[in-house]
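Hey, can you piece these two chains together into the complex? The hints should help.
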Amino acid sequence: MPQNADNVLDHFNLFRQPEYKEMFENKQNNFENKVPADQLEQIREWTKTEEYKEKNFAREALTVNPAKACQPLGAVFAAVGFESTIPFVHGSQGCVAYYRSHFSRHFKEPTSCVSSSMTEDAAVFGGLNNMIDGLANTYNMYKPKMIAVSTTCMAEVIGDDLNAFIKTSKEKGSVPQEFDVPFAHTPAFVGSHITGYDNVMKGVLEHFWDGKAGTAPKLERTPNNSINFLGGFDGYTVGNLREIKRIFESMGVEYTIIGDNSDVWDTPTDGEFRMYDGGTKLEDVAAALNAKATISMQEFCTEKTLPYIATKGQETVALNHPVGVAATDKFLMEISRLTGKPISEELTKERGRLVDAIADSSAHIHGKKFAIYGDPDLCYGLAAFLLELGAEPVHILATNGGKGWAEKVQKLLDSSPFGKGCKVYPGKDLWHMRSLLFTEPVDYLIGNTYGKYLDRDTGTPLIRIGFPIFDRHHKHRYPVWGYQGSMNVLVWILDAIFEDIDRNTNVVAKSDYSFDIIR
Amino acid sequence: MSVAQAESIEDIKARNKELVQEVLKAYPEKTAKRRAKHLGTFEDGKPDCGVKSNIKSIPGVMTIRGCAYAGSKGVVWGPIKDMIHISHGPVGCGQYSWASRRNYYIGTTGIDTFGTMQFTSDFQEKDIVFGGDKKLAAIIDEIQVLFPLNKGISVQSECPIGLIGDDIEAVSKAKSKEYEGKTIVPVRCEGFRGVSQSLGHHIANDAIRDWVFDKSEGKPARFESTPYDVAIIGDYNIGGDAWSSRILLEEMGLRVVAQWSGDGTIAELEATPKAKLNVLHCYRSMNYISRHMEEKYGIPWCEYNFFGPSKIEESLRKIASHFDDKIKEGAERVIAKYRPLMDAVIAKYRPRLEGKKVMLYVGGLRPRHVIGAYEDLGMEVVGTGYEFAHNDDYQRTTHYVKDGTLIYDDVTGYEFEKFVEKIQPDLVGSGIKEKYVFQKMGVPFRQMHSWDYSGPYHGYDGFAIFARDMDMAINAPVWKMAKAPWAA
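Protein sequence lines, in the order shown, are assigned to chains S and R.
According to this note's numbering, the first sequence is numbered sequentially starting from 1.
According to this note's numbering, the second sequence is numbered sequentially starting from 1001.
No wet-lab data here; the hints were simulated from the structure.
All of these numbers come straight from a predicted model, not from anything done at the bench.
In this text, a Cβ means the ideal position worked out from N, Cα and C, and glycines have one as well.
Accuracy of the hints is not assured; some may be wrong.
Taking beta-carbon pairs under 8 Å as the criterion, some of the chain S residues facing chain R (in silico) [what the hints assert, rightly or not]:
(1) Gln-93
(2) Cys-95
(3) Arg-105
(4) Ser-116
(5) Thr-119
(6) Asn-130
(7) Ile-158
(8) Gly-159
(9) Asn-506
(10) Ser-514
Extracted from the complex, chain R is given alone in its bound form (with noise of 0.2 Å):
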């Protein structure tokens, strides 16, 4: 039975029920009871989602998961532009995360930038054996001679480092000293560490805390201060993101002193607990630095949602309710400014877009964030979860979904294929270990990691390049060529 001809809410659970059941028929006993927990349907008036989260993935299964290095190097710390990242260990998972994630930044890359470049220890046996924290101090003084414009340098811990014991604190300490001052942050982000990327993120905000915040208390701001300098956090500028998120934040009055991290630096980090609010647009990576924030320094921070015009409208308005009148008739001014070219957007693609169904799984905000720029275009959202979500972004997700939707947490490659086999959305939005495939499936799919190398979706220069891209998936001739004609 798939949702088209499912006639109620009841059909459509009954259907969902029916479909974990099946899928779950493929494990054994023991795993299927694990993973019985991990998918289930939203009710309507639950204060979740249903499902249990952030708990181990299952051995042996194809889980979509990364790690704590993932987390941290490859989402937190990565898009830092002016410091230098080092993947501390092995050569492999520096390469695999080498500008993979098109975080984008301005900048002479080499030379005072380094965001598109995979610096590496490059462990050998040796290393293993011996430690390297010898080797990390040369590469330290290496960095200095050859990158003497750099800002600060970070040390991405790979799964080795915690399990041969090397003191990469100590290290950072010693030369931080040697080198007058400078940032130097050690970061204990092993791959084995927790459950996925979310430990990761977690860890990595905890090194800014001790290492950049502690450390540059009682230095003097490089601006004067004023009633409306906020800070974006947890936008990583995939496609530009944060610059389409910033400029309406500027338009309607308000002044961005720090971008995290998309596009940062360590000065806009330093600068943050000077804010006059933190605005979060990844809850999950970035709200443990936002409520540190909050206690010791006593900077509000507020959520907020820049997908869609419907969303980016009630966002805009949030944050200014923080603020004066000044700042909250910018808003209006802001969501007046660009209401005709929303009008005009929606106009030329919701016609060629209403109705559609569309299946998520994605990593820390966007299950939830994007429901309502789909809804924006009349599309339907009728399946989704989460790469590495808490139980409180499953909480947070109650407010975008429907009853009835489909969830699935940490599903694993066998689920994802077998629901979207079944319920037979017009669209899938994954990432691109899932993309290739949905598509020999005939399915149209979008990299919602990564926006499939376009982007930015964010704020309404974002929406436009968004609803056009939905309609280049959905709408593109090839899905009419999957079957060939003589083919039953």
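The following block holds chain S by itself, in its conformation from the complex (with noise of 0.2 Å):
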């Protein structure tokens, strides 16, 4: 018996004991009709060729593993930005079970979002009658100060239209006139997770800035001297957002982060569930208008928000995903150039102490090959640095990339000695991914959870840094923009490469001579 009181084996040593070791066997021999082991070894190595390669980028209608999700739950991680915000998503209701799972699966915390429950006979009569009492209840029970409504695929197969349906909603008495209910479309058969940020930013703004969807009359924009700021659809919120308060504060910038969500996953366990936490102030977002510019982190992320917000008179500046030294300069010299405020001493001596890091430990990372894989606006900053480091991307891959987000990396490699043979692969996917690893390896791959696959089969460490991480803890909880996130991600860098390194030499008698304590 191999279960025991005193030392409980859970699955990780249970089912390696003989008992089952032999019970697996035998399912497997009788009844599973299983491929031979030759066979299965034959069509193993033959998924590590060129030949297998080509058949696999032939592939023109099957998707396999893809580094995207749809444009709902990026919608939903625009909406818990705001003040006392809930998402209500016009569709059915298992899409949002999905979403909140999703964000709780990533950050730790809960995720409070409604659907208005779409079942067969809003399919075919349409979800009126769902929003209207979806509308209503919600306001009732969870007191938002605003309900910022997106849609699924199925409400944007049927045609149901928002505005029409949310201005007959307060016709009815669900919410009050006057209460703010921007929505957005964000159909899940058109981009991504980053569309569904884009969407339903754009909404928000357009609906306290062009009259609340005319129930009010427009805004009109008194310009002054403060600086908004949209983070984009970033894993890191809580972290990055207080980071970039943190650098705002220390040059003295007045700014508005626009949805900024740093607070709502990051609530404290002291007793009290807040089902609502920090978030853009709703007279903010009003007043954002006014503001002198808009600097957007991510512009894969905001291709139709920022251009909006330009027509308003503002200037706007786009970047992408900054991490490592210049792009952090630029964001800063950026900052310092909207306000004409100065760069701190706090902020410039941090860039000094990152650069030094870098002379300390860019030996180890010099000429290591690199794969990345994730949002396009990530994938460009993540590059961006490890030429910094001296180090060789080789493949950089986005599922939701399109032909221009490839231009530009390829702009950005052909910048740098580094950047030479690396390839840049828009629209594909972690199969895609696992084909280049095997045929053209590197050292390293840095990306999301589900790169663990990559790891395993390939045998190329994953370096977790993107969206989803699931399966490590509190990583979220850090910055990865700013010179301070750069040292972080230096860090989770050095440290994949030292452990490969530990790894690799920790035979005794063998290959111990380099297992060094110095490095």
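This is the structure:
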């Protein structure tokens, strides 16, 4: 009997006991119609070949292990960033269960979101009644200051019109006429989660700035010296936004973070559940029209929002998930240029410390080959940092990256001798990446949790940076932007490298001459 | 008034009634009226729990329920490991359900096994406009090229498929023919169908009936039958549950010819109609196919519960009662063999857990099945409810719950939070969406869908883990830190 009350074996060890091993073997041999071992081996080897890669890259219809999610997830991400706001997803309820689970698994935090619970009858007759009842229930139960409405693919396929539906709901008394219900159509079959973020951001700004869907006068812009900041869809939003606030405060800049979800996904355990915490105040969203400029930290997350803001007369600045020295320099210089405030001594010192750290450590990274995948801006930012470290990115892949993104990344690569030989893969998935890692191996892989399968299959150590991270805890509490954030990224990369070296040198009397304690 | 203070059953019932009235006050009148039917208190001797179930959720409230796709792909089909399950439609559904249910399996992923992969048709706008049938056909061709060792394919429909009128049955049939009778199963589990995951289970079962059983009729068995052949039905092998169950059945002398669907294979599905008895763990998700096998093939089925020694003993004897003395003796032998382990586990953990109160809110069988395991540890379940039960589940629940237990069907986030706040249980067992809400409130929590990344919990080996985990959750030092010493 393998189990033991004194030392309880859980799944890690229980199923390695002889009783279970024998049971598995019997099941496989007698009932599973298992593929013969030699055939399995032959196919496994074949999947590592150039020939397989060609077939893999020739596929046009099938997607395997994509590194992207759907628009409505991004919609929820953006919506929870506003003061006492509940995201309301018009469509079937199962989707919302998925978004809530997905965020909870990444942030280890509750995520509040409701749906209009559309079923077959709504599919036939439309979801208007669901919207009318749903808004009334949400308003009464959860006492929000704002309900941000987005859609699922179901509502989009049947063509429900949010503007008209919300108007009708208000007429029917679901919520008061003046209550804020911004909306955005976010079909899951267009773009990805970053598109959903963009649509909801634009929807919220339009709501406040352009007359609340015809129920209020449009706001007139009176320019001031404040700066707006948009983070984009970002798995490190908790750590990053706090870091950004610190940077702004260090420079004495007046600023508004639009969609600040750093507190709602980092509430304390103190005996109270806070459904709402922090968030951008609604009056600040309205006042953000007057800002001098808006900085977007992620160009490809704000492809519609930024141009919309520009039409109001603000200057807009688009960055690409700035990680590293030059990218942070640029970010800070833009703030300084826009506000006329000098970059603080504190930040200047931090810069020096980051450069110091790179000087101390880059020898271990120099010339190492990397593959990166994730959202378009994240890939760009990480690639830029790797080039600064003297590393060589080899494959850069974004399932939700387009041609424009690929060209932009290529330009970055062309700007550095370390970018030579690196290829960019827009629209490809992690099964493509698997082929790449077999046919053109690299030393390290950077990406989200799903990369652990690639790590296992190809033996390429995974450095977990991206979204979602399910199997490691609390990374999202650390920034990856700015000099401090870059320091974190640097440390994560170095940890992976040193662990890898240790793993490869720890065989006693064989390779342990390099099992060093000083590095 | 908390449970601890409630003196008698009558007090508890009165408190529950008051509590229900209180939560209903938050709703608009129409909604309150609808929700009232789903909240109640179990009365001893009543044939069910007195709540309505399997009715549409109310729009705009935080229901914990999922959809038909989650029931079919996430629960029933997904764990069949040597098939490729296409999440047919936009990218999201497949992404969110990707490897998230911990259905353990053994196999070479990506080569002959595909359980922790996400295959999707990643619908784009043009697929919605022009239909996705051609794309589906192309996908099946590409799968055949890139994953030649797959033993079958299922097409798990997401919402748009039914709405735009795609004919996935025709594509599946044509492709099956083209690939020499390969098993290709269209499953109409669009998320908007039905009121919860539950319809997805039913649809998935029907698909197995129509596209696996009917198709494989007349195929010769891969093995010689014995009088002791059984199939495990409705165990998804969360954290290895089906394995710690299977080992007991085999030890008592039975031969498990199929496992559904955790660590399952298409060969096992096809073999099941040759079993002598189907032993059914999750009644809700697989009673349909068990009934079908009973009607069509004359195979009896028997429900069992492998949580905690009391229920395991009862179940082993119940299963054995369908067989001869050899198996009955086998059951007694197994019970006797594991009794010292169970005694040791209970001796160790019961003193730490005695008298602790638990509130549950889970899915298909656990709101009732785990109650016995808690009782074995001296704990008491004071409130329970189901995400997607039907009335027959609530009937079955009466055998488990005590008089005065608070019952909440399709509980909303708001109600659940209020109930826990007032009743102040020592432990809440529910899912990931609820976990952090209650932990913030300082209430110990275990995920009772996924065993909180632990497990198995089934069988004797699993009970030791269950007991340890409950102790760990309740007695973790962290809960004493939730309130700052200077906070009132």
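(request) Find the hints from earlier in the document that the structure breaks and name them by number, from lowest to highest. (result) Hint check: 8, 9 and 10 fail, others pass.
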